[in-house]
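Protein chains in written order, with full-length UniProt numbering: chain S, 1 to 139; chain U, 1 to 139; chain R, 1 to 139; chain X, 1 to 139.
Keep in mind that the hints were calculated from the coordinates and are not lab data.
Any given hint might turn out to be false.
All copies of an identical chain are treated as equivalent in the list; a pair is satisfied when it fits inside any one copy or across any two copies.
[To be verified] Straight-line distance between alpha carbons at most 20 Å, and here's what the computed DMTMM-like set of lysine to aspartate or glutamate pairs gives:
#1 K51 to D8
#2 K22 to E37
#3 K51 to E10
#4 K69 to D48
#5 K69 to E37
#6 K70 to E25
#7 K51 to E37
#8 K51 to E108
#9 K51 to E106
#10 K138 to D8
#11 K14 to D48
#12 K22 to E127
All values reported here derive from a predicted model rather than from experimental measurement.
This is what each chain is made of:
Protein chains: 4
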Amino acid sequence: MLTIRRLDIEDSRKLIAGARAKADEIGVPMCIAITDEGGNLVAFERMDGGKVTSITIAIDKSFTASAAKKATHAYGEISGPGGPTYGIDSAIGGRLMVVGGGLPVEVEGAVVGGIGVSSGTPAQDREVAQAGIDAFLKG
Amino acid sequence: MLTIRRLDIEDSRKLIAGARAKADEIGVPMCIAITDEGGNLVAFERMDGGKVTSITIAIDKSFTASAAKKATHAYGEISGPGGPTYGIDSAIGGRLMVVGGGLPVEVEGAVVGGIGVSSGTPAQDREVAQAGIDAFLKG
Amino acid sequence: MLTIRRLDIEDSRKLIAGARAKADEIGVPMCIAITDEGGNLVAFERMDGGKVTSITIAIDKSFTASAAKKATHAYGEISGPGGPTYGIDSAIGGRLMVVGGGLPVEVEGAVVGGIGVSSGTPAQDREVAQAGIDAFLKG
Amino acid sequence: MLTIRRLDIEDSRKLIAGARAKADEIGVPMCIAITDEGGNLVAFERMDGGKVTSITIAIDKSFTASAAKKATHAYGEISGPGGPTYGIDSAIGGRLMVVGGGLPVEVEGAVVGGIGVSSGTPAQDREVAQAGIDAFLKG
Chain S
1 MLTIRRLDIE
11 DSRKLIAGAR
21 AKADEIGVPM
31 CIAITDEGGN
41 LVAFERMDGG
51 KVTSITIAID
61 KSFTASAAKK
71 ATHAYGEISG
81 PGGPTYGIDS
91 AIGGRLMVVG
101 GGLPVEVEGA
111 VVGGIGVSSG
121 TPAQDREVAQ
131 AGIDAFLKG
Chain U
1 MLTIRRLDIE
11 DSRKLIAGAR
21 AKADEIGVPM
31 CIAITDEGGN
41 LVAFERMDGG
51 KVTSITIAID
61 KSFTASAAKK
71 ATHAYGEISG
81 PGGPTYGIDS
91 AIGGRLMVVG
101 GGLPVEVEGA
111 VVGGIGVSSG
121 TPAQDREVAQ
131 AGIDAFLKG
Chain R
1 MLTIRRLDIE
11 DSRKLIAGAR
21 AKADEIGVPM
31 CIAITDEGGN
41 LVAFERMDGG
51 KVTSITIAID
61 KSFTASAAKK
71 ATHAYGEISG
81 PGGPTYGIDS
91 AIGGRLMVVG
101 GGLPVEVEGA
111 VVGGIGVSSG
121 TPAQDREVAQ
131 AGIDAFLKG
Chain X
1 MLTIRRLDIE
11 DSRKLIAGAR
21 AKADEIGVPM
31 CIAITDEGGN
41 LVAFERMDGG
51 KVTSITIAID
61 KSFTASAAKK
71 ATHAYGEISG
81 PGGPTYGIDS
91 AIGGRLMVVG
101 GGLPVEVEGA
111 VVGGIGVSSG
121 TPAQDREVAQ
131 AGIDAFLKG
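Chain S with its partners taken away, still in its complex shape (with noise of 0.2 Å):
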């Protein structure tokens, strides 16, 4: 039997409120969605202004950096002609992302959710998802 750690409802609160601070204070409104280790969603907002296009793919960068255990812009990385996940863009109907944004979240080593953001650019996308990792974080 395993045993499971993952993110629960308050949790996801406080990954999507330390998000939204960072929207904010670029002045970018954005999608922000959480999901569990599993992939499956716990949490999402769309602020105002945030692009409708979005809120699927802020779904499916959380998505891919929970159940994948990796960040989308790592996937990126090694996605391109002739690198070893080239194609992969398109794998489980185009849910699998490889543009920033998308970010595993970590405690004691284990990945127990993810955080995917979009509607900026994708280094916009990216910080924000931090800094809502970084807010989780410290609690």
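With chain S's structure known, arrange chains U, R and X on it following the hints.
Chains U, R and X only, in chain S's frame:
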């Protein structure tokens, strides 16, 4: 040009908070989804213990209620064998929900969004969705 | 080699105009879709106030009627429990519609396309679709 | 509550008429799709000779441009190997289009919808989409 009113993220949080309070009261952890009047997701929470299947079901109940401007249980009542909308439950790739728990949110006679709840019985889901609307309308 | 006759874009506009006139008359804003005899979309209009869920439903009603050469309400009549096409409503990813409002367009005994209407009751949708065909056949 | 402006059906017809005039001028029959600011289809026409594959492509270009508030060719410029959004073309089940021909429609600084064109070269598609917008803005 049309001018449309729709739920913002603050409204959506009020709807979720009201639904969650009722879910706590009846002791059934729920998935709760809020969509805008175009059927697009604004906010989502899976309470601890909410069902994984209910993630999509709650989102699709809210999508149906907001985008079709009709409660999902009202579809259920006319979709049985011999009913006028028999078979509509498999429309839109199965996203058209006819199980209770999805309600349109109306303000001054216009549908401005929807709420979808899933994890309990359809009657419980509907009760919790209505509690969300009641809390929102009270402000 | 086959020679096929099919609706062109001018025909499709006449079908939509006729349907729209009836929709205005009964006061129900509709989604109206026209497909060719291969089931492929030729034209579509969502009247102001037409339902977002009805976009796909109107297109799929027209797809069904033209590509199956059968009115969607006729499918409904034989798709109930125990009926010969029971369960067919979930075929083709749910695109096979058995709810009224989709009609084949026939010219000299051959199906040359279809019209699908959605946003009202199935009876209203069917009435509006028929009005489109009547206007088209009158020229 | 948010108050949103969006294209109505009359606006959508003007956009299509303007695009169609340019398509006639350059002699390339096109598929032309108009979506509202939430990415939902308002109107569509396939000119006689427009490609069947372009039905979905035109709709998805318009969806992308309106819902992401960004021209599809602008996505194309940053989605090549090594680009910041590399791989995003397969997002949302492949609906996120990075091929030119999808443009957001802006009025007074706000995106109120989108136009998507397909059947020619991406440069032709883009030129035809822009002609639709120009005609619409002229009134």
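Results of checking the hints against the structure:
Taking the shortest alpha-carbon separations for K51 and D8, only the inter-copy value of 13 Å comes in at or below 20 Å, while the best intra-copy value is 26 Å. For a Cα distance limit of 20 Å, the shortest separation of K22 from E37 qualifies neither inside one copy, at 24 Å, nor across copies, at 26 Å. For the identical chains of this complex, K51 and E10 are inter-copy neighbours only, at 17 Å across copies versus 25 Å inside a copy, given an alpha-carbon limit of 20 Å. In this assembly of identical chains, the alpha carbons of K69 and D48 lie at most 20 Å apart only when taken from different copies (14 Å versus 30 Å within one copy).
Taking the closest pair of Cα atoms, K69 and E37 come within 20 Å of each other both inside a single copy (8 Å) and across two copies (19 Å). In this assembly of identical chains, the alpha carbons of K70 and E25 never lie at most 20 Å apart, being 26 Å within a copy and 23 Å across copies at closest. Within a single copy, K51 and E37 get their C-alpha atoms only as close as 26 Å, which misses the 20 Å cut-off; across copies the closest is 10 Å, which meets it. Taking identical chains as interchangeable, the C-alpha atoms of K51 and E108 lie at most 20 Å apart only when they sit on different chains, with a minimum of 18 Å there against 34 Å within one chain.
In this assembly of identical chains, K51 and E106 lie within 20 Å of each other by CA distance solely across copies; the values are 15 Å between and 28 Å within a copy. Taking CA atoms no more than 20 Å apart as the test, K138 paired with D8 passes inside one copy only; the shortest distance there is 16 Å, against 29 Å between copies. For the homomeric pair K14 and D48, the shortest alpha-carbon distances inside one copy (19 Å) and between copies (15 Å) are both at most 20 Å. In this homomeric assembly, K22 and E127 come within 20 Å of each other (Cα to Cα) only inside a single copy, at 8 Å, whereas the closest approach across copies is 36 Å.
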